[in-house]
Amino acid sequence: CASRNNTQFKSQTWSENKKNISSIKNYSAKGKFAYVSSQNSFSAYFSILQTNSNMTIEATNLIGINLFTIKITKNEISFYSDKANFNGPINEANSRLKTETGLTFPVSKIKYWVLGLPNQNNDLVFNKDNLVYLLTSKNDNKDSWKVRYDKYQFINGYPLPETININNKNVKIKLVINSWDIENV
Amino acid sequence: ISAKNELEKRLSKYSSFSASFLQQVQDMNGSTIVKGSGTIQIKKPSLFKLNTYKPDPNTLISDGRNVWYYDPFVQQVTVQTFKRVQSSTPLALLTQNNPKTWDEYIIKSNGNSFNIIPKRKGQITEMSITINKLGAIQKFSFKSKNGQTTEYSFYKFKEANFSYNNFKFKLPKNTNLVDRR
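These protein sequence lines are chains A and B, in that order. Counting from 1287, one number per residue, gives the positions in the first sequence under this note's numbering. Counting from -3, one number per residue, gives the positions in the second sequence under this note's numbering.
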């Protein structure tokens, strides 16, 4: 998988960084995530595969058993797990996930946030490399998410997140990405 | 001798062993989801300790009654009954020594590799154990309903006698305990 060299990254303006990162259409990101809330806390290994406009998220437990699989296309979400299965329009993705599985998770925005990109009207705070440090997304029916990028890694000259915290008032999600692949995907 | 009896005979050669492993989880298209490594210690019929190093450190210990899962990534310990874990974790098959267990499976063998199909439909659709005549386990793999496969390759497999204390779990400081019993 891709190494984490940071020699080739020259800090640029945010708009140049944004253009650079947005040019990544296909990627795979693997790592571990933690989901902590008062009702349910668990961790799992994840694998995100984005090819053209289709995203597949696989979550696997320590032993290697699949916890769930989420498939997202331009206009549809499908969710598969041992206990619950559903599919529906993409604009209901987050609410369906909540009702069917109890998970509060901004799944429709992961495609942008995992790259360190804002989706729509987000407030942005930048770090010294002109990359997003803190993103606040307000439009989620008064339930705003705060996305904090604690660490970046540099893959073939692209600045990509390594540690991301996605929090709202009830849920804390931590993602650590230990393998990015943006070439042979 | 039936494949089932041969498998049972080989598995019963060791009542207590340790091994290092490489773990690989692949999706139905064969692309890797997780690559891991660690060590496993087993004292039949219900004691085991699994330590992973890659991709990150975790500890899973069965003291025979409860299974403790310590995950420093979340600073959390989850505890579950051994019974519940045994029925949902294929690896636990390697700890038991009750011949009746294998009645619930259709077993076919091909040299040192034993293919194991659960009679009862569940999340795990197929397993396989590669174990030589001396009872050393070389591979253990299972396939889930969604086509995902997990394979453990064992090395440095050796007999080991452990005290019960080896499988006692001590709750690390400042961790959150989630009791799922």
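Incorrect hints may have been included.
[Unchecked claim] Here are the simulated DSS-like cross-link-like pairs (lysine-lysine), alpha carbons at most 25 Å apart as the crow flies:
1) 139(B) x 1437(A)
2) 166(B) x 1369(A)
3) 1369(A) x 169(B)
4) 1304(A) x 1432(A)
5) 1369(A) x 139(B)
6) 115(B) x 1369(A)
7) 1458(A) x 169(B)
[Stated by the list, open to error] For each label pair, taking beta carbons as the anchor points, the in silico distance ranges come out as:
8) 1357(A) x 122(B): 18 to 26 Å
9) 131(B) x 1378(A): 50 to 58 Å
10) 128(B) x 1411(A): 53 to 61 Å
It is worth saying that the hints were derived from the structure and are not from the lab. Yeah, the Cβ is synthetic: ideal placement off N, Cα and C, and Gly gets one too.
Practice task
Tell me, in ascending order, the numbers of any earlier hints that this structure violates.
Solution key: Going through the list in order, the structure violates hints 1, 2 and 3 and respects the others.
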